[in-house]
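Each of the two chains sits in its own frame; use the hints to bring them together as a complex.
Take a look at the letters that make up each chain.
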Amino acid sequence: QKEVEQNSGPLSVPEGAIASLNCTYSDRGSQSFFWYRQYSGKSPELIMFIYSNGDKEDGRFTAQLNKASQYVSLLIRDSQPSDSATYLCAVPLPYGGATNKLIFGTGTLLAVQP
Amino acid sequence: SAVISQKPSRDICQRGTSLTIQCQVDSQVTMMFWYRQQPGQSLTLIATANQGSEATYESGFVIDKFPISRPNLTFSTLTVSNMSPEDSSIYLCSVPGLAFSTDTQYFGPGTRLTVL
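Chains as they are written, first to last, in our numbering: chain U, -10 to 103; chain F, 20 to 135.
Hints in this document: simulated from the structure, not taken from any laboratory.
Warning: the hint list may mix true and false statements.
To be verified - Straight line, CA to CA, 20 Å or less: simulated SDA-like cross-link-like pairs of lysine to any residue:
| no. | chain 1 | residue 1 | chain 2 | residue 2 |
| --- | --- | --- | --- | --- |
| 1 | U | LYS31 | F | ASP106 |
| 2 | U | LYS90 | F | PHE80 |
| 3 | F | LYS84 | F | THR98 |
| 4 | U | LYS90 | F | SER37 |
| 5 | U | LYS56 | U | GLU(-6) |
| 6 | U | LYS90 | F | PHE85 |
| 7 | U | LYS90 | F | GLN70 |
| 8 | U | LYS31 | F | PHE80 |
| 9 | U | LYS31 | F | ARG55 |
| 10 | U | LYS90 | F | SER88 |
| 11 | U | LYS90 | F | LEU132 |
| 12 | U | LYS31 | F | THR75 |
| 13 | F | LYS84 | F | LEU132 |
| 14 | U | LYS56 | U | GLY18 |
| 15 | F | LYS84 | F | ARG55 |
| 16 | U | LYS90 | F | LYS26 |
| 17 | U | LYS90 | F | VAL44 |
| 18 | F | LYS26 | F | SER37 |
Chain F with its partners taken away, still in its complex shape (with noise of 0.2 Å):
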């Protein structure tokens, strides 16, 4: 499986501001994916990163709140926008596999968010 590596691993941050994630992998990938996982919930898929084009989002997340960036085939970035205590969650990305078959999906360590 690919090696994915987030940035930053946790953060605590104030109402209103702003986070980054960044989300590097050791090989190029077509897709990657951006899940929300609250505490104590699954995870929930927020978009689907492609590069060259732009996110596809699922229901319920919007691009003004979570912006995502795709450079290049191996990183990506999700921004947490105006936050509220409500995005507290563990934010990961992850890879479709490459051995096996491209519908498993391999995650990254995840980012834990505090909001205060």
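Chain U extracted, bound-state conformation (with noise of 0.2 Å):
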């Protein structure tokens, strides 16, 4: 089992639905977990994190977090054409390491149709 997973896609969604993008982890003992943007050519840029189980809400965006189930979500509401982009889920492992060393699941390709 790799130590951080997400579907890779690509994940299509009409302009104004919902995009649900998902992510499973290895380690039960993890405690924070990010959500990073990358638009093509581009470098990653942080735009979720969260560290306690239950939705966090920042604008559109909504994280989700379940560690009995050791998953993590990210929802996108109101879907824009300019949100299409691939989202990678990280995961510090081991968590409490003295390093931070940073795990990313290989991304989902996310298209947003106009």
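Written out as structure tokens, the structure reads:
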């Protein structure tokens, strides 16, 4: 089992719909989770982080964490064509390690159709 | 978040040569990270660069191939040595987040390397 897993997509949604991106992780001790957005040819940009079970909302973005299921998701409401990008899930592994190493999933390519 | 710059932004190199990539941060940070992103792939950590000590390399990466310098708290270099076409990738440096938590990371713009 990979340490951080994502469906590579592409995930295609119509403009205005909700895009749902999913990520699972292997280390049950993980406490913090990050979502990065990467436009083609650009570097990753941190858009959300979550530490507690439940939902965290920031504008059109909602991160959801379920530690019992080792599952974290990102919802994008009212999707716009400008949201079309690759979304990377990242987890510090091992948690509490001295190097704060981030392990990335393979990323999910989101395409929002106008 | 910190402002991070990298040089060069892109380069095309010949097989067997070496390229040194520079990463500059506008604030002092203890750790800097170097990642590789091969075409169509996700990010893989190459090494962690700590000021005043040797870099810590991840499995599959060795110092002879990817020597790293960290002369001060705002600067680091990564050298890709004896390059082959398989080294064609985007190389990214990152630093820990300062405002929210030290386990977030912020990335520089990247260096796109093509090896012929």
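Evaluation of the provided hints:
With a CA separation close to 19 Å, the supplied pair U/LYS31 and F/ASP106 stays within the 20 Å bound. Distance check on the hinted pair: U/LYS90 and F/PHE80 sit about 15 Å apart at the alpha-carbon level, within 20 Å; holds. Proposed proximity of F/LYS84 and F/THR98 is supported: the alpha carbons are some 8 Å apart, at most 20 Å. At roughly 26 Å between alpha-carbon atoms, U/LYS90 and F/SER37 are farther apart than 20 Å, so this suggested pair is violated.
Taking the CA atoms of U/LYS56 and U/GLU(-6), the gap is about 15 Å. The hint holds against a cut of 20 Å. Between U/LYS90 and F/PHE85 the alpha-carbon distance is near 18 Å, which keeps this suggested pair within the 20 Å criterion. Of the pairs offered as hints, the one joining U/LYS90 and F/GLN70 holds, with about 16 Å between alpha carbons and a cut-off of 20 Å not exceeded. Between U/LYS31 and F/PHE80, the direct Cα distance comes to roughly 24 Å. Violation of the 20 Å bound is thereby established for this hinted pair.
A hinted pair counts as satisfied when its Cα atoms are at most 20 Å apart, and U/LYS31 with F/ARG55 qualifies at roughly 13 Å. Only pairs whose Cα atoms come within 20 Å are accepted, and U/LYS90 paired with F/SER88 is accepted, the gap being roughly 19 Å. Simply put, U/LYS90 and F/LEU132 have alpha-carbon atoms about 24 Å apart, too far for the 20 Å limit, and the pair is violated. Restraint check: the Cα-Cα separation between U/LYS31 and F/THR75 comes to about 26 Å, which exceeds 20 Å; the hinted pair is violated.
The suggested pairing of F/LYS84 with F/LEU132 holds, with an alpha-carbon distance near 15 Å, which does not exceed 20 Å. Restraint check: the Cα-Cα separation between U/LYS56 and U/GLY18 comes to about 9 Å, which is no more than 20 Å; the hinted pair holds. Distance check on the hinted pair: F/LYS84 and F/ARG55 sit about 13 Å apart at the alpha-carbon level, within 20 Å; holds. The hinted pair formed by U/LYS90 and F/LYS26 fails the criterion: a straight-line CA distance of about 23 Å is larger than 20 Å.
With a CA separation close to 19 Å, the supplied pair U/LYS90 and F/VAL44 stays within the 20 Å bound. Restraint check for F/LYS26 and F/SER37: the C-alpha separation of about 14 Å stays at or below 20 Å, so the hint holds.
Checked against the numbered hints above, the structure breaks hints 4, 8, 11, 12, 16 and satisfies the rest.
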